[in-house]
Amino acid sequence: MRLTLRVWRQRNAEEPGAMVTYDVDGISEDMSFLEMLDTLNEKLILSGDEPVAFDHDCREGICGACGVVINGDAHGPERTTTCQLHMRHFEDGDTVDVEPWRAGAFPVVKDLVVDRSAFDRIIGAGGYISVPTGAAPEAHATPVPKADADFAFEHAECIGCGACVAACPNGSAMLFTSAKVNHLNVLPQGAPERETRVLDMVSAMDEEGFGGCTLAGECATACPKGIPLPSIAAMNKEWLRATRKASRR
Amino acid sequence: MSEYTQYAGYTAYTTGAPVADTKAPSGPVAERWDTRRFEARLVNPANRRKHTVIVVGTGLAGGAAGATLAEQGYHVVQFCYQDSPRRAHSIAAQGGINAAKNYRNDGDSIHRLFYDTVKGGDFRARESNVHRLAQISVEIIDQCVAQGVPFAREYGGLLDTRSFGGVQVSRTFYARGQTGQQLLLGAYQALSRQIAAGRVDMHARTEMLDLIVVDGRARGIVARDLITGRVDTYFADAVVLASGGYGNVFYLSTNAKNSNATAVWRAHRRGAYFANPCFTQIHPTCIPRSGDHQSKLTLMSESLRNDGRIWVPRAQGDTRPPADIPEDERDYYLERAYPSFGNLVPRDIASRGAKNVCDEGRGVGPGGQGVYLDFADAIRRLGRGAVEEKYGNLFEMYERITAENPYEVPMRIYPAIHYTMGGLWVDYDLQTTVPGLFAIGEANFSDHGANRLGASALMQGLADGYFVLPSTINDYLARNPHHDDIDASHPEAVRAVAETNDRLERLLAVDGDRTPDSFHKEIGELLWEYCGMARTEEGLRKALGRIPEIREEFWRRIKVPGTGEELNQSLEKANRVVDYLELAELLCLDALHRTESCGGHFREESQTEGGEAARKDEEFSYAAAWEFAGTGRAPVLHKEALEFAYVHPTQRSYA
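Protein chains in written order, with our numbering: chain A, 1 to 249; chain B, 1 to 655.
Among these hints, one or two may not hold up.
[Stated by the list, open to error] Label pairs and their calculated CB-CB ranges:
id, chain 1, residue 1, chain 2, residue 2, range
1, A, Asn12, B, Lys616, 53 to 61 angstroms
2, A, Ala246, B, Gly291, 54 to 62 angstroms
3, A, Pro145, B, Gln316, 52 to 60 angstroms
4, A, Pro188, B, Ala315, 56 to 64 angstroms
5, B, Gly361, A, Leu46, 34 to 42 angstroms
6, B, Glu604, A, Pro188, 50 to 58 angstroms
7, A, Met19, B, Arg380, 47 to 55 angstroms
8, A, Arg88, B, Gly317, 23 to 31 angstroms
9, B, Gly361, A, Pro169, 55 to 63 angstroms
10, A, Pro192, B, Ala17, 50 to 58 angstroms
[Said to hold, decoys possible] Derived pair list, reagent style DSSO-like, types lysine-lysine, alpha-carbon separation capped at 30 angstroms:
id, chain 1, residue 1, chain 2, residue 2
11, B, Lys521, A, Lys43
12, B, Lys573, A, Lys43
13, B, Lys542, B, Lys559
14, A, Lys43, B, Lys559
15, A, Lys237, A, Lys146
These are computed hints drawn from the structure, not numbers from a lab.
This structure is a prediction, so every number in the text was calculated from the model and none was measured.
Glycine is no exception: its CB is placed at the ideal position from the N, C-alpha and C atoms.
So here's chain A without its partners, still in its complex pose (with noise of 0.2 angstroms):
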């Protein structure tokens, strides 16, 4: 198939961009979208210019490298990353745009290269247990019931693509926020440091320039790992409690 790209391309952080117009022909529906991008830069080089920069790695999705906004959807029409939606989801001679994640705490670096080592610091603020090499107990000594252990492996999912940030209108990282508190703090080895993950976690997130919650439910849908748009409410929950908590030391 034959597809009309619409693709912004900035030089760096402080040059302004813009969309460039590109066609690709020889699409394969099999293709996925980073292979239709590899198949435009292979032809860029070789006519001399420079190719379009995008993050990826795995490209199985699950490290949470890549990630574009195609036709104002974070990852696309279908709910998975970029590196998984296939060139099947297209009618030839579609016009797509691509663009990078849109959000004040995610500058973009060149074309549609974000840098989103915020979230690293939001983790690096408490989304962690304590527990340094060798001081661990037997794993059997605390069961933990399934229950808990699914709720925890549902938030552990998040790949950190950033997905929720550039869908949510505010640019807010609540969604990945919730995702390591409520990873953390539903464990019973998680327990210890509850309240100041939570609080120094929103601190961390609320430095970072990330936007406030109203609600708008756009995170969730565009999560490719389905964390749900309740953890919200639960980090909330956490928060509460913990600030009380505090309040009454």
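Following the hints, position chain B against chain A.
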């Protein structure tokens, strides 16, 4: 510089002095790790912060090592090419992690895990290392559970396990089909805690391009900031490479697109021996390629072989849809040939089985390059819900890629390059032949011999990173007191930076008419054809003749647009291909010199009557450690003899 355009290649080599693992203690195998830890010198806790350790890579091995060294009080400077340490390719490991917990009471023990791993590796790994790995396996599960890794659990709240290929016990712990992701996030979170505490300086989007060796010791690296293009030097008292394997030399593999061999290859060029490069693992259950546009291959976890049955039609060229092929016209070839292990034979055997039936013209799908992995029986027996619970995300992934529903139609699978058992030669302390340079995880060659068993890569990466290296590196640091004696003006640093810049400038200057990917594909296809699942002397000689020609053409025709002073993904790729073009040559030479078959290395000239790999223990019971002698020059072979006192080498039998 002449080495860029040198046409020379090699098919011969010289043999140097044997190499010995001088750090491995003697005595009963079960006591050696305790002995080594006791004999190793320690660094006073108050002195540790004066020592800087560079760690390259943030996967299971690197992430675990960086976090643990920082917890111990060392100053860690860590690097990854990805935008975040959370994205290292360990994240894509699906199936699970082995540990000799014996929670199932099914006869498992540390000794059995040790035995299975030595046997599974076709008797080409060291007993000392493998036993240590089995011992540490139980601590890893404890550590990960304490970190909050959400392993699968039973209704009683205890951990669930499953079986993997090559073993008859259920010792594999898992988190649905995303075990690697969950283990990596555990290590990443521990690392993030140390980054936030200021004990780890994390350099993301920064790629190591060379090693700095001063007075025979590893003292730093040259790395390029991938955003600004700036090439800089970083110094330390020791350097740890945790940069993964070299499977991407084949272009199509299950590795991440940017996984590369540059860190290990540059270290090899600076004096670190490279061991057993021909021991590459071909995973039997990957989604077959769909066309020339294919950029990578996707694995379907080996755990699927627990419940999926592998078959092809009995008759050649049978193109009926699978549902129309009656039971008695199907060949469940693994169950037929290996009744006791059935579909759970080791990976090398399952892969060759698939190749053989496809070569006979009984393969299925486009081009006949595939076999069925059928869940109909499991769905009938367990119910669709139970199958979904175990493998839901894998089935979803399969359907997304192929547009076929595996609950209704059998999966089609075909082998693909997945893992590399070879890597930098290391001693028992995981130290390379360059003092102060350590290699951990897939980057080293140590524990899997000629074939790795499923769910053992995660075990080894975490064992090296959490437990082995943080103990053994103390000994080196204690014996080599800290000196603040070098900076960027040191002649060796200046030389390494100049060579790196020269290479990058040269890549930009050629301005030819072929893309980096086109060369990468060419070398990859050559390797897959002549140094893939089956290898022959004739084919390997052909490949060794062709590689120097491709290298020469590369430096004449490569085209890299843009400049070096910015984010330039073409330049990154081209620079990695430079190293693949040399590594490929060593890989083929190693495969040519090892005229036996063992594990993942199958020489057609050396097989049993039944078509199984035939080892030649008298000739080849050694690890081949190669010393670099210059681009296109014959390397020097150093043999490390392997001794088996506990697991007697036999013809592996899974029948």
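Each hint, compared with the structure:
1. Taken as a hint, the range 53 to 61 angstroms holds for the pair A:Asn12 and B:Lys616, whose Cβ atoms sit roughly 58 angstroms apart.
2. Checked against the hint of 54 to 62 angstroms, the C-beta distance between A:Ala246 and B:Gly291 comes to roughly 58 angstroms, which is consistent with it.
3. Evaluation of the 52 to 60 angstroms hint for A:Pro145 and B:Gln316 yields a pass: the beta carbon distance comes to about 54 angstroms.
4. At roughly 57 angstroms, the beta-carbon separation of A:Pro188 and B:Ala315 lies within the given 56 to 64 angstroms, and the hint holds.
5. Between B:Gly361 and A:Leu46 the beta carbon distance is about 38 angstroms. The supplied range of 34 to 42 angstroms therefore holds.
6. For B:Glu604 and A:Pro188, the Cβ-Cβ distance of about 55 angstroms falls inside the hinted range of 50 to 58 angstroms, so the restraint holds.
7. In this structure the supplied range 47 to 55 angstroms holds for A:Met19 paired with B:Arg380, their Cβ-Cβ distance being about 53 angstroms.
8. Look at A:Arg88 against B:Gly317: about 28 angstroms separates their beta carbons, and that is inside 23 to 31 angstroms.
9. Checked against the given bound of 55 to 63 angstroms, the beta carbons of B:Gly361 and A:Pro169, roughly 58 angstroms apart, stay inside it.
10. For the hinted restraint 50 to 58 angstroms between A:Pro192 and B:Ala17, the CB-CB distance of approximately 55 angstroms keeps it satisfied.
11. At roughly 16 angstroms between alpha-carbon atoms, B:Lys521 and A:Lys43 fall within 30 angstroms of each other, so this suggested pair holds.
12. Under the criterion of a C-alpha separation no larger than 30 angstroms, the hint pairing B:Lys573 with A:Lys43 is consistent with the structure, at around 16 angstroms.
13. Under the criterion of a C-alpha separation no larger than 30 angstroms, the hint pairing B:Lys542 with B:Lys559 is consistent with the structure, at around 27 angstroms.
14. Taken as a hint, the A:Lys43 and B:Lys559 pair is honoured in the structure, with Cα atoms around 12 angstroms apart against an allowance of 30 angstroms.
15. With a C-alpha separation of about 22 angstroms, the suggested pair A:Lys237 and A:Lys146 falls inside the 30 angstroms cut-off, and the hint holds.
Against the hints set out earlier in the document, no violation occurs for any number.
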